[in-house]
Amino acid sequence: MRILGLDYGSRRIGVAICDELGMTAQGLATITRKNREADLEQIAGFVRRYAVEKIVIGYPLRLDGSEGIQCGKINRFVRRLEDRFSLPVIRRDETLSTKEAEEILSQRGVRREKRREVIDRVAAAIVLQGYLDTLPRGARDEGAQNR
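Residue numbering for the sequence shown follows the working numbering, starting at 1 and increasing by one per position.
Just so you know, these hints were derived from the structure itself, not from any lab.
Simulated crosslink set (BS3-like; lysine-lysine; CA at most 25 Å straight-line):
1. 73 with 99
2. 73 with 54
3. 34 with 114
4. 54 with 34
5. 73 with 34
6. 114 with 99
Given only the sequences and the hints, what does the whole structure look like? Please build it.
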């Protein structure tokens with residue numbers, strides 16, 4: 001089962017994909033936002049190319065677990081994704097995922113200018129990997145057998 005991960009932001013959308021076994025996530029691309037239709041069309045390209053069956057999107061809960069203003073924007077975007085692709089869209093807490101991505105890139109010696117280019121896709125991979133890690137082992141094996 002191929003699952004697409006998204007880190008939705010006001011300027012960019014980070015995109016990640018999992019392997020065919022649903023075990024590991026890797027950053028795929030960063031979409032520079034233009035308008036709703038252009039953004040959705042770029043995502044549609046990934047959905048088609050990878051035969052995506054599910055989308056996981058980062059959901060920016062506050063540290064106390066409550067929803068902030070950005071959650072409303074994500075909810076509207078989730079409705080558009082569901083309408084456009086008729087796929088399940090899972091909201092996954094992304095608290096501190098960008099900070100974690102920043103730390104990973106810093107530890108790996110990625111220059112600050114380059115970090116800006118890849119931070120969103122790394123954050124999307126972190127969100128997606130967090131989701132994959134919650135799946136029961138049998139669910140992953142089932143997905144591999146149904147290919």
